[in-house]
Amino acid sequence: MTGKQPLAYRQVVADVFRALDDETRRLILDELAAEDGRTLFDICTLLTMRHGIASTRQAISQHLAILEGAGLVTTQRRGRTKLHYFHPEPLAEITRRWPTPREGTH
Amino acid sequence: MRIRLTSVFVDDLQHALEFYTDVLGFTEKHNIPLGGGASWITVVSPQEPDGAELLLEPAGHPAVGPYRDALVADGIPLAQLTVDDVQQEVQRLTDRGVTFTQQPMDIGDHWVAVFDDTCGNLIQIVSAKQPQP
Numbered sequence: 001m002t003g004k005q006p007l008a009y010r011q012v013v014a015d016v017f018r019a020l021d022d023e024t025r026r027l028i029l030d031e032l033a034a035e036d037g038r039t040l041f042d043i044c045t046l047l048t049m050r051h052g053i054a055s056t057r058q059a060i061s062q063h064l065a066i067l068e069g070a071g072l073v074t075t076q077r078r079g080r081t082k083l084h085y086f087h088p089e090p091l092a093e094i095t096r097r098w099p100t101p102r103e104g105t106h
Numbered sequence: 107m108r109i110r111l112t113s114v115f116v117d118d119l120q121h122a123l124e125f126y127t128d129v130l131g132f133t134e135k136h137n138i139p140l141g142g143g144a145s146w147i148t149v150v151s152p153q154e155p156d157g158a159e160l161l162l163e164p165a166g167h168p169a170v171g172p173y174r175d176a177l178v179a180d181g182i183p184l185a186q187l188t189v190d191d192v193q194q195e196v197q198r199l200t201d202r203g204v205t206f207t208q209q210p211m212d213i214g215d216h217w218v219a220v221f222d223d224t225c226g227n228l229i230q231i232v233s234a235k236q237p238q239p
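From first to last, the protein sequence lines stand for chains A and B.
Under this note's numbering, residues 1 to 106 are what the first sequence spells out, in order.
Under this note's numbering, residues 107 to 239 are what the second sequence spells out, in order.
Simulated from the structure, these hints should not be mistaken for laboratory data.
Fair warning: this is a prediction, and the values are worked out from it, not measured in the lab.
One or more of the hints may lead you astray.
[As the list claims (entries may be wrong)] Here are the computed distance ranges between Cβ atoms for each label pair: (1) B:235 with A:53: 50 to 60 Å; (2) B:137 with A:22: 49 to 59 Å; (3) A:79 with B:190: 20 to 30 Å; (4) B:141 with A:33: 49 to 59 Å; (5) B:108 with A:13: 33 to 43 Å.
[As the list claims (entries may be wrong)] Listed below are several chain A residues computed to face chain B (Cβ distance under 10 Å; list not exhaustive): (6) 49; (7) 51; (8) 76; (9) 79; (10) 81; (11) 83.
Heads up, the beta-carbon is just placed ideally off N, CA and C, and yes, glycines get one too.
Excised from the complex, chain A in its bound form (with noise of 0.2 Å):
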């Protein structure tokens, strides 16, 4: 891609770039895109035991929904309890911007 990007393109990169710079949102998509399909409560809990991060719930529902007006993370309701996925698309945006040579192509 070059030149001049559309409005809603730069808006959409920016919130992508704004809510991948904090470690607990990347650790969060690390932990949604090994397995995904979690509540806020298993998130927390995984957020708790795996990395030590003792975070109220209220913080990290605020980290999910900067995943999700990012686009990162969608979520989904199976009964009466919402359901958090990963959605890397958006990541994609980026190395369609930088392309990174794979090993061997340069």
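Let chain A serve as the given structure and place chain B on it in line with the hints.
Just chain B now, kept in the frame of chain A:
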């Protein structure tokens, strides 16, 4: 000070009594008619018949619905029950048609899992990896 009784809100008292006894395996301890179709019902573990009682509290109060809906939406359990082996219990209850919102999770010294009690609540079960003294 001691804890002898705790409670969970339940949508339907008779259904809850059946689920907590037939499916989970607790024993009815008190069933005291209060008139007007209401009853004061508690269950206990058959392993500890004189231990803590769980009161099945009708969920009729208008505050209960929004409170429980918000907890269930976020997957937060309302109570925690101790079992000998979480994996075995998950298998046993799944075979009985119980839905788990959290499959067995390793949290270090313990295993945990969360199920829907069909009475409006999520309940966590926990087992220690090493037998407790």
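Each hint tested on the structure:
no.: 1; hint: B:235 with A:53: 50 to 60 Å; verdict: 23 Å, violated
no.: 2; hint: B:137 with A:22: 49 to 59 Å; verdict: 53 Å, holds
no.: 3; hint: A:79 with B:190: 20 to 30 Å; verdict: 28 Å, holds
no.: 4; hint: B:141 with A:33: 49 to 59 Å; verdict: 57 Å, holds
no.: 5; hint: B:108 with A:13: 33 to 43 Å; verdict: 59 Å, violated
no.: 6; hint: 49; verdict: 5 Å, holds
no.: 7; hint: 51; verdict: 13 Å, violated
no.: 8; hint: 76; verdict: 12 Å, violated
no.: 9; hint: 79; verdict: 7 Å, holds
no.: 10; hint: 81; verdict: 5 Å, holds
no.: 11; hint: 83; verdict: 8 Å, holds
Hint compliance for this structure: hints 1, 5, 7 and 8 are broken, all remaining hints hold.
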